[in-house]
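Student: Residue-level listing of the chains:
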Amino acid sequence: MQLLYFAWLRAKIGTAEEELALPSQVHDVNALLEWLKSRGPGYAEALKDLSTVRVAVNQDYVGPEHRLRDGDEVAIFPPVTGG
Amino acid sequence: MIKVQREDFDVGTELDKLSRGNPRIGGVASFIGLVRDMGGTDRVEALTLEHYPGMTEKKLAEIEAEANRRWPLDASLVIHRYGRLEPGDRIVLVATASPHREAALAACHFLIDWLKTDAPFWKSEETPQGERWVAARDEDDEATQRWKTGSP
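Chains A and B, in that order, give the protein sequences.
For the first sequence, the positions run 1 to 83 when this note's numbering is used.
For the second sequence, the positions run 1 to 152 when this note's numbering is used.
Be aware that a few hints might be false.
Computed list of lysine-lysine pairs in DSBU-like fashion (alpha-carbon distance at most 35 Å, straight line) [as the list claims (entries may be wrong)]:
no. : chain 1 : residue 1 : chain 2 : residue 2
1   : B       : Lys-3     : B       : Lys-17
2   : A       : Lys-12    : B       : Lys-17
3   : B       : Lys-3     : B       : Lys-58
4   : B       : Lys-3     : A       : Lys-12
5   : B       : Lys-148   : B       : Lys-58
6   : A       : Lys-37    : A       : Lys-12
7   : A       : Lys-48    : B       : Lys-17
8   : A       : Lys-12    : A       : Lys-48
9   : A       : Lys-37    : B       : Lys-17
10  : A       : Lys-48    : B       : Lys-58
For the record, the hints were derived by calculation from the structure and aren't laboratory data.
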């Protein structure tokens, strides 16, 4: 699975993208975020308040129950501030 | 038409191109977003816009298609810049053209409201106190929500 991080989430996690093999128990977005938190202090800090985290799968916004598949492009970022 | 680019744009040229050759168009509405020199109470020396290439174009195209479903537009245009910009620089141009002003004005307002809450851009400000990410505003969500509940 390809993971992309943007804005302050990228800065806190310390990378813009990574390719990860998901553990077998991670089936949805919520489980992915919980699992990522365990990968290190940067992840835990970036994801501690999920009300400020948005997730897009294959470039569409999704909710926490969205099911993940192998080969998905998952982007994790703060609420947007363009315009 | 959607353009996501680092370069500046010429407003007059873009608006002229939007209606040229189509005498059905009776009105062109536009919104231009600029870099302000203040963020809250702090002076902003510059800001950097980051975006999600691919999803940005996709979301903007969806927003534009939705505007065209809701209003009888003859043409529409969104240009959004990314990269480092300074106060007074243009960030975004939204323009819509229609036989009558109501549709053009409403669709233009809709596009900029919706863009601000759905298009994946993030602003980071350079201030005398250092660099910081701009927080999303509740008012922006409320502005978009209005279009979701109300009829056009």
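Student: Take the hints in turn and mark each one as holding or not.
Tutor: Quick rundown of the hints versus the structure:
{"no.": "1", "hint": "B:Lys-3 with B:Lys-17", "in the structure": "14 Å, holds"}
{"no.": "2", "hint": "A:Lys-12 with B:Lys-17", "in the structure": "43 Å, violated"}
{"no.": "3", "hint": "B:Lys-3 with B:Lys-58", "in the structure": "11 Å, holds"}
{"no.": "4", "hint": "B:Lys-3 with A:Lys-12", "in the structure": "30 Å, holds"}
{"no.": "5", "hint": "B:Lys-148 with B:Lys-58", "in the structure": "19 Å, holds"}
{"no.": "6", "hint": "A:Lys-37 with A:Lys-12", "in the structure": "12 Å, holds"}
{"no.": "7", "hint": "A:Lys-48 with B:Lys-17", "in the structure": "48 Å, violated"}
{"no.": "8", "hint": "A:Lys-12 with A:Lys-48", "in the structure": "11 Å, holds"}
{"no.": "9", "hint": "A:Lys-37 with B:Lys-17", "in the structure": "50 Å, violated"}
{"no.": "10", "hint": "A:Lys-48 with B:Lys-58", "in the structure": "29 Å, holds"}
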